[in-house]
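K.L.:
Chains as they are written, first to last, in our numbering: chain A, 3 to 85; chain B, 19 to 168.
Hints may contain errors.
What follows is a list of derived Cβ distance ranges for each label pair [what the hints assert, rightly or not]:
| hint | chain 1 | residue 1 | chain 2 | residue 2 | range |
| --- | --- | --- | --- | --- | --- |
| 1 | B | THR157 | A | SER50 | 17 to 25 Å |
| 2 | A | GLY73 | B | THR29 | 37 to 45 Å |
| 3 | B | GLY39 | A | ASN67 | 46 to 54 Å |
| 4 | B | LEU52 | A | GLY73 | 37 to 45 Å |
| 5 | A | PRO29 | B | ASN57 | 39 to 47 Å |
No lab work stands behind these hints: they were computed from the structure. Predicted model only: the values in this text are computed from it and were never measured. Every residue, glycine too, gets a C-beta built ideally from N, C-alpha and C.
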Amino acid sequence: MKILYFAWLKTKLQMNGETLPWAAERPDTDSLVTWMQERGPAFAEVFSDRDVVRIAVNQEYIIGNTPISEGDEIAFFPPVTGG
Amino acid sequence: MIRIQQEAFDTGAEIAEISKGRTDIGAIVSFTGLVRDFNDGRNITGLVLEHYPGMTERELAKIEAEAHQRWQLQASRIIHRYGNLALGEPIVLVITASPHRQDAFDAANFLMDWLKTKAPFWKSEMTADGRTVWVEERTSDIDAARRWQK
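So that you can see chain A by itself, here it is in the shape it has in the complex (with noise of 0.2 Å):
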């Protein structure tokens, strides 16, 4: 799985993204999110709040928990800003 940080979170965790094999510990994206907060004193900073970090997956937003396989493009970012 492909995993993409944007904006502070890129920042914050000092990477754009990476690779992650699919595992069966974290089949959709409420338990990635909170493998996630596990992972360390960065990570538990940026996903501790779920309200402020947007989920795509394959490029499309997604609402509510969503199954994620390999092969997935899955994209953390907080709200835009654009325009």
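Keeping the supplied structure of chain A fixed, place chain B upon it in accordance with the hints.
P.N.:
Chain B in isolation, oriented as in the chain A frame:
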């Protein structure tokens, strides 16, 4: 038509191009967003815009298609920049062309409101004291977008 680009654009040239050789357009509305030198009491010296290549194009295409569903539009254009932007430079351009002014006005308004809350762009501001500040979303933008919900 959608364009995402680093370089600046010329609003006048884009408007001229949209109506070139056509006699069926009755109204053209355009909105140009510019980099201003203040925000929330801070003095700003420039902006950096980041986006999500791929998703940005998809979201803007969806937003444009929605506008064409809701209003009678003969043409539309959305141009959004990314990268380093200096004060006074254009950030975003929305143009709508219609036989009638109200459709052109409303569609342009809608395109900007939805773009601001859906298109994956993020602004960071360079402040006069040398800091970089990520811009936070505005409640007023969310409220503005909400009025178009069906």
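K.L.:
The structure should be examined with respect to each hint, and the outcome stated for every one.
P.N.:
Now for the hints, and whether the structure bears them out:
{"no.": "1", "hint": "B:THR157 x A:SER50: 17 to 25 Å", "verdict": "holds, 21 Å"}
{"no.": "2", "hint": "A:GLY73 x B:THR29: 37 to 45 Å", "verdict": "holds, 41 Å"}
{"no.": "3", "hint": "B:GLY39 x A:ASN67: 46 to 54 Å", "verdict": "holds, 51 Å"}
{"no.": "4", "hint": "B:LEU52 x A:GLY73: 37 to 45 Å", "verdict": "holds, 41 Å"}
{"no.": "5", "hint": "A:PRO29 x B:ASN57: 39 to 47 Å", "verdict": "holds, 42 Å"}
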